[in-house]
Amino acid sequence: MTPILSTALAFPLKRSRFLAPITTCLLVLSGIHSTQAAPPNWDDHIRPILKNRCFKCHGEEDQKGDLNLQTLAAALKGGTSGEVLKKNRPNSSILLQSILHEEGVEKMPPKSSKLPDEEIELIRQWILAGLPEKSGSPSSAPATFAFKPSNPGTKPANPAMPANLPALPSAGKRANPVTALASSPWAPLIATGGHGQIAFFNAETKTNLGAIPFPEGIPQVLRFSRDGSTLLVAGGKPVQSGKVVLFDVATGKRLAAFGDETDTVLAADFSPDGKLVAIGGPNKLVKVFHTADGSLAYKITKHMDWVTALEFSPDGSRLASGDRAAGIYVWEAATGGIAMTLAEHKEAISSLTWRPDGNIIASASEDGSVILWNMKDGFPSATLTGIHTPKPQGKRYGKVPGGVLSLVWTPEGHMLSVGRDNAVREWDSNGGKLSAVEGLPTLPSRVTGTFDGKLAVIGDAEGRLLWWPKGAKEATLTP
Amino acid sequence: MNSPIPRILRPVLCSVVLLFQTPSVHGAPEPGKPPVSSKQTTSPLWHIWSDGKNSVEAEFLSLDGDFVQVRLRSGATHRLNLTKLQPADRIFAEKAKGFITQTAIPTATGSSSLASSTPAQPTNPTAAASSSTAGSIVPTGEVSFRRDVMPVFFRANCNSGGCHGAAPGKDGFRLSLFGYDAAGDYFRLTQQMLGRRIDLAAPEESLLLLKATGDVTHTGGTLFDKKSAYYQILLKWIEQGAQNDSANVAEVTGIRIEPAKLLFQGPSKRQALKVFASYSDGSSRDITPLALYVTNNKTTADINEDGLVTSGRHGATDVFARFNRFTIGAPVVVLPQEGTFEWPPDAKPTNFIDELVFAKLKHLQIQPSGIASDEQFLRRITLDLTGLPPTEDEIRTFVASIKPDKRERLADILLARPEYADVWAARWGDWLKLLGDTNSGSGTDTKAAVAYHAWLVEQFRNNVPLDRFIHAQVASVGSNFSQPETNFYTMLPAGNYEPKAMAQSVAQLCLGIRIQCAECHNHPFDRWTQDDYYGFVSFFTGVRRKMASEPREYYIFNDNSAPPAKHQLDQRPMPPRLLGGGEPNVQGKDPRNALADWLTSPENTLFATSMANRVWSQFFGIGVVDPIDDLRITNPPSNSELFEELGKRLVAYQFDQKRLIRDIVTSRTYQLSSRVTRSNKDDSRQFSHAPVRRLPSIVALDAISSATEAETHWNHHPDGYRGMQIYDTGRRYGSYFLACFGQSDRETSDATKDNREVTLSQTLHLINGDTIQGKIQQSQVVTKLLTAKTPPEQAVESLYLRSLSRKPSGEELAVFKKLAATPPTRVDYDRLWWALLNSTEFLFQH
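First to last, the protein sequences are chains A and B. Taking the working numbering, I'd label the letters of the first sequence as residues 1228 to 1706. Taking the working numbering, I'd label the letters of the second sequence as residues 1403 to 2248.
You can trust all of the hints, since none of them are fake.
Only pairs whose alpha carbons sit at most 27 Å apart, straight line, appear in this in silico DSSO-like list of lysine-lysine:
id: 1; chain 1: A; residue 1: Lys1341; chain 2: B; residue 2: Lys1991
id: 2; chain 1: B; residue 1: Lys1572; chain 2: A; residue 2: Lys1529
id: 3; chain 1: B; residue 1: Lys2220; chain 2: B; residue 2: Lys2191
Not close to chain B: a few residues of chain A, all C-beta gaps over 10 Å, as computed:
id: 4; residue: Cys1284
id: 5; residue: Thr1381
id: 6; residue: Val1557
id: 7; residue: Leu1661
Just so you know, these hints were derived from the structure itself, not from any lab. Cβ coordinates follow ideal geometry from the N, Cα and C atoms, glycine included.
Next comes chain A alone, as it looks inside the complex (with noise of 0.2 Å):
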């Protein structure tokens, strides 16, 4: 079952009296299939609440705005403001964003009230399913890719590892939350960011293997190279300075750095060829270098907010980025020419990954949904709602913060997640759920996957180190 059926059914059908017959209607169809069988379909449940909502102005008699609702075909059509439905895009959907009141479009139905919760999440649920037509309809489904593992690189004789680094020093007064985190593709290795320091960990023995000096500030990503001798650091102090530092792994050797930025640079990434490294942060810029001389390649002035994720595509001819007003964009890596615009989340992007194939970038957010965008049509593949939503303690109404706040693909093609529930989770490679591990002591903050695809390892809003055998229980703090 796509990840899709197991959000979309859960609709909830709160009983009223205006929806009294709909509500009925869903019943009968119940009685047919399985109460957690089909996802709303335009012939049983949208065509009736359209009819009694919006065919007096947008029906066979008077189409305002060119917008004609009366048949699938023609509402798919769309009116003078363009498409009004996006399958599997609720959030990107016209339609929906009327019937919701949102700020920028017009609010339908007009001088009244909104249309009630249940109506409005039907209507949604159906644009998330693909807009099937009859119940049952085989051509709603989105596309999804079976994964074959290609391997990205070539294992070098002797994966690096650091050796003779100093000592860790005590990070201070109290540690800050693990900012950034990765993990070598080819050694038991993590490396870890604390204030001014990137701590190294041997992933099998969980023990330190020292650290290096990071005077620039808290690193705030951490990138391995292809071949896992090289590390990338990027950060800063926040308001003052930001930079992006290439160590040697095996030395703790400064190789260059790029950008000098007033802010810390919150994303970026190295080309698998190492040709190029991008970065992004505060001031709302992609800025693109060419590793070898430091020359800026070219710069992305189109994100509206900051720039919170990046990352080059498997193959190096994409580069994917992400803002703190939900925007991603794929550009060609080349030339940073715009290849797709990917709109559909509602709040921050907290990371953007792409499927060790290519075929598909998972990008995370703050709205608390991972969504699997399909590289071949930029439509998505997934939508994972309310993945990390945390449980409700006691009596609680409204809206709970439920935000992604990490997220990765591992060679093997999984994706772990963290998030604002104190849980890590895995997926497989369409989205489908595996194993979990809930009530983690602290808010996990990062989250990677050792090389060889056994352990996750997750970073604590204490700048703690949490080691989890995937598909075991409880994940376990570092001795």
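Using the hints provided, position chain B relative to the given structure of chain A.
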């Protein structure tokens, strides 16, 4: 950057350093000598500043307005402007305040109750200086986020509406406005962007601190320096791990201000306020350095950011301290410097109104004006009660009468006139947003609007008690044709029914308070919380409208099973709750009945006082609370005793509006002349003289029509209808005059929608526009005078009486004769007519 030397002192310092280098200067510190702390000085009167290189010692000498005189050890003196101090210069301000608090109180005289409420002042100057520093607000033990940290954001204006308290935050960081959502603020500070705003590993490098001290770019600038208590609180909190509070942290339950009243004799006197907060655990503490201060009238009493009040011009006002969600006020009275006040012997009270107004005037040492002449009184009361000027005959009869109670008799006659009801129906039409529309799709149909208007007229013609008048509308059910009072729920902006808008309107109309601020956050300047707001909204969530037997008709009913409103912050359902009252059990019932009962009950002083205040404002142009529908802690009555007594009387009169009006118009206060005296020229709030008021738009138009006997024609209305009788706004019929003179567009319930301002376009319209010219051309008044061969003196007198309600003076008559032909022609009379109608005396009530 963080030098404790005040910026304003820096220029002074240059000269001081020079003086120090002169050998003849006595007591100059040697160069390189470490800065001396105030504890080490031998003379407590010497205060020291140091930036590490130079140090200055100075003695406070005296206060002079906003200036403090200091004498340096060199003997040189300097004047420093206290109001120009920057936040970074807090240490100087605190020391100056220490000086002020121990020498400058009390300069006030007169009130013994005040003297006893003044806190005892320390006698030792250094003790005064240190006790008034902000040091005491830094906790010695664990720093609490809610108790200690949140108040710093409040005091430093971090969470104000123009900064991070704005709905979308500022530069990406949001705090709840004035701190109504502590849990959300804690999340945003510590967890929203992990590792950015708070640096636990190196607390002093936390962005929060660097921004506040201006060490990194900050749009909001430097808020405080590292030595300040505010900085110490934040730093200590981060050093302790930036912990959240445990669930049972003590909440602020109220604040107290000392002294509770301030009295000054003469300008430029100073007094420091102290503010104390009490907490739910029973504790209380001095939060003077954490409160924010504001004055209602800077020219009478100014207050600075440390709570120091400076007296100004003769008069009364209030100063306020705000802390947490509480606001508290202290009335300030500034008496004239010279104490030779005498009450005019003839100014004797005739009823309770005079007693209360005169008591306040005596307290403020303001003399009332003399009594208005018969002509002035007649014009004033006739315009106020009927919306029309008195006729020639009425003037002649009234002036000629020698009955001692003729003014009281006149009041009774006018109160019985049918025009009285038209005036009040029009006023309430404004407040109730009464509008009709021929397209029932975009508003309430004309037929319903006409019915509603007729219902209003009927209520006032029958003098229906105000409690019943309001009750009938708030609890109304039925067709808006046959039960016109249900149109209370149909007169809506854009035709949309919205429970929140309804709740706001009812609070504003019936209680004189504006609760809309509390929709998104606790009311910053009043006591209303979001809980109060959503509880009140829940009375209106069940109101439904359905089409009745014809498309133009609505049927209003209540869905008794409708869910209550949800709290904006956490979506909690809020059962119906009365403002400041309890939660009536309305399960399965129409909650509006319980609401209407409570609203109009005699115990509900908010209702009685606000209704009485609405009545009062009709006769003085302003309310005792003004605007009349904006009572709040920060907008108190100008005379609380009067405000409360008016409400009590209305209750005692069983909400008989006419009886209250009779008290008002027969009071000496109402009958005072508008001519000001030297003593009361600055007063505009204490009713020491009659206000000079521009005629309301409709009254002005009707007065022109009535004086010229030239009717105004209204579409859809029979001939002879006055503007005051129109069910809708006249401006909707394209009356430029009414729009120009500020007639309410009836889009909101705000009483200030009926704009009484005087504008240049009004003057230009009267001079050049078609209203006066047209009426004069239409008028038969001059024609009749000429036809009857009226002698010029009588003709001029007639025109004067019709327009200004008085006879011309001999001088005025002489001027007319000099300018006019003999005998005067039609042109001469028309010109006089034009000049009279264009005069300020005509357009104003006085």
